Structure formats: structure tokens, C-alpha cells
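*Asks:* Chains as they are written, first to last, in this note's numbering: chain U, 1 to 211; chain C, 1001 to 1651.
Just so you know, the hints here were simulated from the structure itself, not pulled from any lab data. Mixed in with the good hints there might be a few duds.
As the list claims (entries may be wrong) - Derived pair list, reagent style EDC-like, types lysine to aspartate or glutamate, alpha-carbon separation capped at 20 Å:
#, chain 1, residue 1, chain 2, residue 2
1, U, K7, C, E1646
2, U, K179, C, D1156
3, U, K7, C, E1648
4, U, K7, C, D1582
5, U, K179, U, E75
6, C, K1371, C, E1443
7, U, K107, U, D183
8, U, K179, U, D163
9, C, K1055, C, D1037
10, U, K7, U, D20
11, C, K1584, U, D20
12, C, K1584, U, D9
13, C, K1371, C, E1518
14, U, K7, U, E101
15, U, K179, C, E1571
16, C, K1178, C, D1090
17, U, K179, C, E1518
18, C, K1085, C, D1156
19, C, K1584, U, E94
20, U, K107, U, E94
All values reported here derive from a predicted model rather than from experimental measurement.
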Amino acid sequence: MNMPDTKRDGRLVEDGRVLDVSTLPTFAFGHRSPMWWGTMGLMLIEGTVFALAIMAYFYLRSHATAWPMSRFPPELIWGTINTAVMLASAIPNEFARRAAERLDLQKVRLWMVVCLLFSIVFLGVRVLEFTTLNTRWDSNAYGSAVWMLMGLHTTHLVTDAYDSAVLTTLMFTGPLEGKRYVDVSENAAYWYFVVLSWLPIYAVVYWGARF
Amino acid sequence: MTVRGDTDQRARGTWPDPTGPGLPPGAAQALERTWSDPPGIVGWFSAVNHKTIAKRFMVTTFIFFLLGGLLAVAIRLQLAQPNGKVLSADLYNQVFTMHGSTMMFLFAVPVMQAVAMYLVPLMIGARSVAFPRMNAFAYWIFTMGGIMLYVAFFLDIGPDAGWFAYVPLSGPQYSPGKRVDFWAQMITFTELAALMEAIVLITTILKMRAPGMTLNRMPLFVWTMLVTSFMVLFAMPAVMLASTALITDRLVGTHFYNPGEGGDALLWQHLFWFFGHPEVYLIFIPPLGFMSSIIATFSRRPVVGYPAMVLALIATAFLAFGLWVHHMFATNLPELGKTFFTAASLMIAIPTAVQIFCWIATLWTGRINLKTPLLFVLAFFAILLLGGLTGLMLASVSLDYQLHDTFFVVAHLHYVLLGGAVFPLFGAFYYWFPKFTGRMLSERLGRWNFWLFFIGFNVAFFPMHILGLQGMTRRIYTYPEEMGWGNLNLLSTIGAVGIALSVLLFVVNVLRSRRHGELASSDPWGAGTLEWSVASPPPMGNFPLVPVVHGRYPLWQQPVAPYHVTGLTNEYREVLVTSVADAKLDHRLWLPSSTPWPFVAAVATTILFIGSIFTPWAIVWASVPVAVAATVWFWPGRAITRRRVETEVQP
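So that you can see chain U by itself, here it is in the shape it has in the complex (with noise of 0.2 Å):
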């Protein structure tokens, strides 16, 4: 006979009329914390906000008769290499999520920092990829949609590389408890909702005007 697992379903108490759940964790990962829940919604937001600059990128591009309406598309470089570091970031990324999900403190300090290192660089490229757009904002609409996208990426970028820093920080400094490795696991999911959702934007943004 299977041990009834109380750290599952707790235990009945006083003859089954009263349910004990003192044995119940106190933290929990993935889709069983609320936290999850509450990135999830933040990512269903912005992903929408995502979803609809690029509908109205391409609103504006169905009434146009020349796109871009600048005369250059932006230079592929920097955009490119900057989707490389992006993704390559996800590597770090992925061991943080997992040194936490193990308690793992060590690991998670040290993966985290290797990820801090890589939001240094994506953000140094990115302004390369600013200077490099060949329209600016007030140029006329293609510039704006163009501005637009990479503004509200780029806000993801650095709260994203600042929440990450804090929490860093405090994984150095404590105090530490259960928790914060939630916090650690949902804060790599979150990351890699930036860097997914550039790929998209990127599409748009570098061969959108090309094609």
C-alpha cells in the first residue's frame, strides 16, 4: 500500500472533518506559483502591445506607395548580431532557471551574472542599431512605426536587464529564502519573453523593409 503523501494532498484531522495542511511546501515552481501567473499575464500584455505595433506597421505599409518611405531599410548589422546575442543569452539563461529549480545558489549567482553580462552587451548594440535605422521617428510614418517598435522592445530590454540586476544583487546579498529561486525561475521565463518576442520585431523591422 502506497504512504498517502501529505506534502501533496495534507491530512485529515479529528475523524476526516478537518483538513491539516501544515505539511504543504512553502514555495512552489512553475505554473503552481502564483508569481507565474502574474508573468504570465504581463507577458500576455505586452506580447498584444507587440502584436499590435506590428499590425499597425503593416496598416500603414498596405496604404503606402513606397515602403520603406525613407529610402534606405535599416543596415543589417547590428540588428543581426544583436539577435544573435539575444539568443545565445538564452543559454545562461536556461542554466539560471534550472540551478534554481535545484536550490542551487552558486549556480544561480554565477549564471545570472554571465546573463547581466550579455544584457551589457545586447543593450551597447542596441544603440549601434539606433544609430543605424537610416529614418528617424519624425521622418514620416514608416519611421515612427520603425521608432515605435524598437522603443517599446528596447524599454523591455533595459527594465528587463535592471529587474535582473536587483535580483542578482540580492542573490549576493541576501536574505535569501525559498522564494527568491521562484523569483530567479520566473525571471528567466520572463527573459526569454524578451528575446523571443525580437524575433518577430526584428522580421519586421529589418526585412519588412526589404520585402
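Dock chain C against the given chain U, drawing on the hints supplied.
*Replies:* Using the frame of chain U, we list chain C on its own:
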């Protein structure tokens, strides 16, 4: 009146365990202490208890409702007779824009979230909402956005381009100055708050239900809030993007809506109505939950067709996103597209009808207890039906060409919004007021309130149908005598005064009953859902004993073991997290303490938003205090962390 379930037992405080010893001595006091917010001025700004925040939120939205109502009276006084001189044309533009913006953005959507923030945890057997500090932050952001708009209005820089601020009128060329900028930033404030509230509600509903409350046993009001909150996530971003593009067009010279540089004015309409039509359902769906609660209680039976009701809500939510173009029939869109949107608009009648028939069946087979809350609910049937029928008329493209931008549309939208939302909302206030305050509202004043409101409403708005058919357009600040619209307009103004008096009666009723009303028991109406199992008003920790749920109307069924949960500490804000679909036990969680930092962060965010109206650089420098406030808010305390580590159980 007979009520199933054991009310004596609830009075003794031993519910939900019929034979148990009740709470151990001192437990209730410890729980009250743990969940109370600190006293004093700083404590007031530190409050995070969901009931405290929700009460403030309700009062704030209601103040905006009163302000919006006063503006409506000003509009009606101006239009009461031909060549009216009450308001100048310029002030009239500001007044109707403020009226619409207030009612839509500062009242109708947020008031539903405010009521939900109070009731949802109580209905699902939870001690709190999921993210109490974020809830407080959202409230402050909302309040500051509303105050900003009214300060601007009193300084004669109130928005004046209509509540949907169509470009090019609202663009830099035709609306120079700061008026429309304040409108656009008010959108940023209110939608940010609404989005955060939606996340709090979704997480609370999906993860914090008492054990045993499967999705299939969730009160219908909670279902409406779950559906509404998901709609918010997809609808609100559209208006935030639209208003951000508008403000960048106005402030930094982008060209989203400027046809001269490849922009497009209709882009605004698409983005706005992609939000704006679902918004009607953000306003309309929560009241469907009020309806289901009130009808069940006052018919003294469960609502007929629970699965049909839930499916109808979800169907309405999906269809709501396929209707936005019916606001744009008068633009040069392809005819085929218009046909599609006509069909979608007609289709929404199906899930609405399903729900109305379920309620009629409930009332028909129940034993009716005709109290004020039910009167307001019955008014819904009459008024919404009329509003729905004129909606069907407007959904037809050919008729819409004739009626677009006339008072017929004004009549239609007020029939839908007041009939569909405000009447049930007043019913809800009468119904839950004893839970909020521990006292009953006066039934006598309630009936006066209701009949004045109902008659005044129809007198005010029915004539507008005829005025619209006669060609009176919206938003004109006056009209010449020869048009022959004077009598009907005067009638309409008399009706508006009737509404104003009825709302005044309501305010008097609330203020009087708060102090002198009849004391309410935990369950004065004999209702069946969990919020009525706890004292009125509820203790700060909501449930002294967290119940285990075995049915849709726990108070109407015989108690089933296990009755309640034990093993949550009363010394810290510990809550139970359960699984999404079946509400099986999952883990325990300590929620954060009270803190002023959400308030400080809201102030910093306000500085950023308002500063950005005057200089784009505010987004850079004002983000520093926002980041600092958010970081301090997040940073955990050493003492509480040590205690948490001591009692930690790893997954």
C-alpha cells in the same frame, strides 16, 4: 422565509463545522491583528488589505460617477431649450468630453474591478488577493490619473475632442495646447491600473480558491470577473498603444495619424475600437455576475443552467473582439467587411439571450422575494432589452448611415450602459452594502431611489431616440428654435434632473445607513455563497476557518466533511494556494506586509507620466525614482525572511 443550511451555526461562529469546537481562544484576535494594516497616517498610506483598498476604490470611482453626473446635468441644462446660454461652445466641448471620459475610464470599468476586489476573495474562500501590494499600487495610480484629469479641467485645460478623441481633430494641428495630452495620459494611468487589477484578479481566481472549489463550483460572479480580466489583457493594450502614438504625434512629431507623411487617421479608429468595443463588455459582463448573484438569492434557488451561463459568458467575450468595425460603418471600409461585422454584431444576441432566458427560468421557478436589489435587476431586463434592440438597428449598415452621430446613438449607448451596468450595479450596492458595512440600506429610500431612477432614466433618454431620428446630431452645443427639438429636449432635461435626485437619495441613504441603518447579520438575505458565511463586515483575515467547498452554494447545502482547513498560521499572512482547475491543495504562501512603497512608487510614476506631457526627457530622469521605489518595495526584510526560513518546507 426558509433558508437551507444552518444559520444558527454561522451565528455561533462554528460554521462550517457543525460539531467542532469552533476557533481556539485568541485565534480570531491573532488573525485580526495579523491581517490589519498599521494605524496612523503612514499606516493609511501603507494599507494593502484587499477590503480596505477595494472600499477606497469603490468610493473613489463613485465620486467620479457623481462628478460625471454633474457634468451630464450641465449638458442637459445647456440643451434644455434652443439657443441655450448656460455653457459656451468651448466649455461645452470640454464638458461632454469630460463626461464621457469620466464615465467610461474613471467609473464604469474600474468600479467593476473595485467591487470584485472586495468580493472575489470572499466568494472563493480566500484570505486575500494574490498580489495585495500591486492591488494598492493600481488603486493609487488610478486615483492620481483621475485627479490629474480633473485638475486640468478646472484649470481650463480639460480635453475637448470627445471621449474617443478622433484624429485629426485630436491631433497636433487641430488641437494645439495641452488639453488632449492630458486626456492621453489619463488613458495611460487608468489602463495601467486596469491591466494590473486584471492580473491580480486572474491570479487570485485561478490560484487561491478554497480547496474543493473546482472551476465548476465557482460563483457566476467570479466567472464573470475571470472572463472580464482576460478581456482586459487583450483589449486595453490597444488603447494604450493608440494613445501613446497620439501623444508622440503631438509631442515629438511622429506621423502615425498624419496623412501628409504617410500616416492614416483610420488607424486611430481601428486601434481605439479594437479596445472600445470590448470595453463595452468589460462594463457589461461583471454586472451579469451581479445579476446571477442577486437573482439566485431573491428567487431562493440556484441559477438555472450554470454551464450554459458560463459558456455564454465566454462566447460573449470572444465575439466582443469581432465587433469593433461596427463603430466605423460610416468610413470607407470595404462593403464585404461591413457585412461580416454586421453578422458578428447580430450574433452577440445569442449568448445574451441564453443568459436572459436562464435568469427568467430562475425567477419563474423560484419563490420571489421582491427587495430593492431585485427591482434594479428587473429594470435591467426592460432597459437592456430596449438598448439591445436599438443596437440591432445600428448594426445594420444602411440604417447606421442615417443614424450615425445622432442622438439616437446617444440614447442607444445610455440604454445599454445604464440598463446593462449601472442598474445592476446599484442593485449590487443594495445587496452587498450590509456585507461592506455591517448595516442595511433603508428599503424605503431604496424604493424611492429605484423608481425615481427608473422613470427619470426613461424620461431622459427615450426622447433622444426621436431627436436622433429627427436629425439632431451629437455634440452640438446648441440648436435654433426652428428645428423644433425644444420640447423633447426639455423633457429629457427634466428626466435628467430626476436621475440626479435619485442618485442624491442614494447618497443620503448610504450616509444615513452607515451610521443608523439596521444591523446586518452575516447573511441577511439568506444567500448561498461564501461571502455570506463570515461576519458583516468581514474580519480582516476574511475567514477565521478556511472552508472546504463541496458545492456551488455552500450555505444552501448540508455540511460535508472535511469541513475546513487547519494548519495555516494566524501569526503571519499565510494563505493557501490551490490548483487551477480542481482547487486541490498545492502549497502555502506568506503574503507581504503592509508598506507605503506602492504609494510612493505611484507618486513617482505620476511624476513620470505628467512630466512627459511637458518634456520627453521626463521619461528618462523620472524613471530613476520609479526604479528606486520599486526596488525598495521589492527588497525583502531580514526579520521576516528569517522567520520564513525557519518554517520553510521545500517542494
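*Asks:* Hints the structure violates: just list their numbers, smallest first.
*Replies:* Going through the list in order, the structure violates hints 2, 5, 17 and 19 and respects the others.
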